[in-house]
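*Asks:* Now for the letters of each chain:
Protein chains: 2
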Amino acid sequence: MELITLAHGSGGKSSHQLIEGLFYKYFRNDILEQRNDASVLPEILGRIAVSTDSFVIHPVFFPGGDIGKLSVYGTVNDLAMSGAKPLYITAAFIIEEGFPLKDLEKIVASMSEAAKAAEVKIIAGDTKVVEAGSADQIYINTTGIGILPKDMNIGGQNAKGGDKILVSGTLGDHGTAIMALRKGFEFVTDLESDCGLLSGMIQEILQAGADIKVLRDPTRGGLAATLNEISQQSKVGMLLEEGAIPVKQAVRSLCEILGLDPLYIANEGKLLVIAAEEDAERVLAVMKNHPLGKDAAMIGTVMDSPKGQVYLKTEIGGTRILHMPAGELLPRIC
Amino acid sequence: MELITLAHGSGGKSSHQLIEGLFYKYFRNDILEQRNDASVLPEILGRIAVSTDSFVIHPVFFPGGDIGKLSVYGTVNDLAMSGAKPLYITAAFIIEEGFPLKDLEKIVASMSEAAKAAEVKIIAGDTKVVEAGSADQIYINTTGIGILPKDMNIGGQNAKGGDKILVSGTLGDHGTAIMALRKGFEFVTDLESDCGLLSGMIQEILQAGADIKVLRDPTRGGLAATLNEISQQSKVGMLLEEGAIPVKQAVRSLCEILGLDPLYIANEGKLLVIAAEEDAERVLAVMKNHPLGKDAAMIGTVMDSPKGQVYLKTEIGGTRILHMPAGELLPRIC
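Read top to bottom, the protein sequences are chains A and B. Here the first sequence stands for residues 1 to 334, where the numbers follow the UniProt record's numbering. Here the second sequence stands for residues 1 to 334, where the numbers follow the UniProt record's numbering.
Hints are computed from structural coordinates only; laboratory data are not their basis. Bear in mind the structure is a predicted one, so any value in this text is a computation, not a measurement. C-beta atoms are modelled at their ideal positions from N, C-alpha and C, and glycine is treated no differently. Please note that the accuracy of each hint is not assured.
Here are some, though not all, of the chain B residues that point toward chain A, as calculated from beta-carbon distances under 7 Å [stated by the list, open to error]:
1. Leu32
2. Gly221
3. Ser305
4. Gly308
5. Gln309
Restraint-style ranges between C-beta atoms, simulated for each label pair [as the list claims (entries may be wrong)]:
6. B/Glu119 with A/Phe187: 31 to 39 Å
7. B/Glu256 with A/Arg182: 34 to 42 Å
8. B/Ala208 with A/Arg182: 54 to 62 Å
9. A/Glu2 with B/Ala117: 36 to 44 Å
Covered stretches of chain B (chain A as the covering partner; in silico rule of three or more C-beta atoms under 8 Å from a C-beta of chain A) [as the list claims (entries may be wrong)]:
10. 36 to 48
11. 65 to 74
12. 88 to 100
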């Protein structure tokens, strides 16, 4: 089995062979073909959206995806959350010496497929190899560039009292799938990462002409962290209906066994939307009509006060604060 | 001493404290203040240059610089090599659990200072923390965005027979400084990384109105790797005069002790220029006039053939091929 060596990161012959034989094989496009220190893009006629993310997920292959697919969709999704159309991404690899070349090829092929699905070009790259023990297999940074339509103003600062809060499907799928895999809980079937591309659903929502205030994908820290962030940015309160929040039975069961709350668990293919009250039903219908949105639900309401607080009305009728998570439930979840 | 914990990468409270207390403290600007998944930039009126690089240098602090300064200048330099004016960079951190917070602060302060010197805004970021043993202290990815002036066409494919090859100063400084530090060769004084910002010198060269074909910074693999790459891209040969290539005495001595060749050793603040023959003396004068170019020299000539080969005329009168480096002399040099 061929393994990655330090020479593959040297900038010399082995680096060139890796670049030609693997990265160009899967990523080839006119811009990458320039082969210079910087890649030159045509002018982008409008404001530009930029997002960067490093992916350190462990393990690198998991039910529903792999670090390659995640690294493309993760950054493309972040761009799409601004209302931008994603155009380009860069890909920078930090690889541990001894990583199997065939696993790298699977990851690169997966990135290529994800980039095609997302209609983005991979326009620049970098490869570093570190000694065995100085990384855990492979880490990937992607930085994305998109174009923002004129007058688009979507962001965490825009929520107002009365707005409705919607999610595109079940929560906690990604984090619980990774955790079950790490802990060897093979008995829990029906657990799969939701690692997916959200830009398509967002385009449909935007084309519906609804008044969209905020778009977010609740990744690290789950729904709880995302809503706490938004409530602070917008200086509003939020009230969620626990009974309305979709969670798969398998996720709920695993969380019960482990004493976790699905609302704090990472998602990698779920969309959170905050929309004006009068448009919320229409947005929900668009989401439900999309293949990734069949379990979409309206889960709560934005309130003028208390500012910066998220409340959960429980199924048994009580109300509790959904705090910003303090520690780390699941390191290296993305 | 306060240490980085997994919670700092969780997306929850500790992450927010790190972002507010450290990253915003040093990097704050109007774009970063948007605090959304993607940052929105104003329209860039022209073609766009993009470059990405991950920095994994060991050790993270070294004579002449640190991983923070290197991560900003490295990417800004790559942008400048296309003739672009660097505008923005992103910064994504992978930090090992247990890394001292005060060292992170030194690195972040150094990045902030470098970004100011380079006149670029840090517009987006990401922080991941991995378990102790899953990284070696800290890795940083930066991705840069610049604007390319109209009609600018500089790149590795443009060298032609007769063009002159120039370097901005002594070669091998960065790699030998790192090596001496790693091996504990404190007796070798006068070794310091050349980690530096090249965009200023490049602007002066471009303003001189000379016919510039190629700009490159000979980093990993040194001058040998860079010239071999260009000779392949441009399908030309090259002939270098060994006696004309500036190398510091301390670098030469350390290389002799270790059996290394300074032409294969990484630089982090040296500029390689290929210019039309008739403009070469003028370009050299501009370089020598710049604070970073006092040791600038004309070191060789581009030949129509043999294509893809770089020759070195040695000081004793022989000629040898300067091959593309095959293996890895110095892992984690950048």
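*Asks:* Each hint: holds or not?
*Replies:* A quick look at each hint next to the structure:
Here the hint on B/Leu32 is broken, as its CB sits about 11 Å from the closest CB of chain A, past 7 Å. For B/Gly221, the shortest C-beta to C-beta distance to chain A is roughly 3 Å, which falls under 7 Å, so the interface hint holds. The beta carbon of B/Ser305 comes no nearer than 21 Å to any beta carbon in chain A, farther than 7 Å, and the hint placing it at the interface is violated. Given the 7 Å rule on beta carbons, the hint for B/Gly308 is violated: about 12 Å separates it from the nearest Cβ of chain A.
Because the closest C-beta pair between B/Gln309 and chain A is about 14 Å apart, greater than 7 Å, the hint is violated. For B/Glu119 paired with A/Phe187, a C-beta distance near 58 Å fails the hint of 31 to 39 Å. The hinted range of 34 to 42 Å is not satisfied by B/Glu256 and A/Arg182, whose Cβ atoms lie roughly 51 Å apart. Roughly 59 Å separates the CB atoms of B/Ala208 and A/Arg182, a value that falls within the hinted 54 to 62 Å.
At about 43 Å, the CB distance of A/Glu2 to B/Ala117 agrees with the hint of 36 to 44 Å. By the rule of at least three residues with a Cβ nearer than 8 Å to a Cβ of chain A, the coverage given for the region 36 to 48 of chain B holds, with 13 such residues. Given as covered by chain A, the region 65 to 74 of chain B fails the check, having 0 residues with a CB less than 8 Å from a CB of that chain where 3 are the minimum. Under the rule that three or more residues need a Cβ within less than 8 Å of chain A, the assignment of the region 88 to 100 of chain B holds, with 6 such residues.
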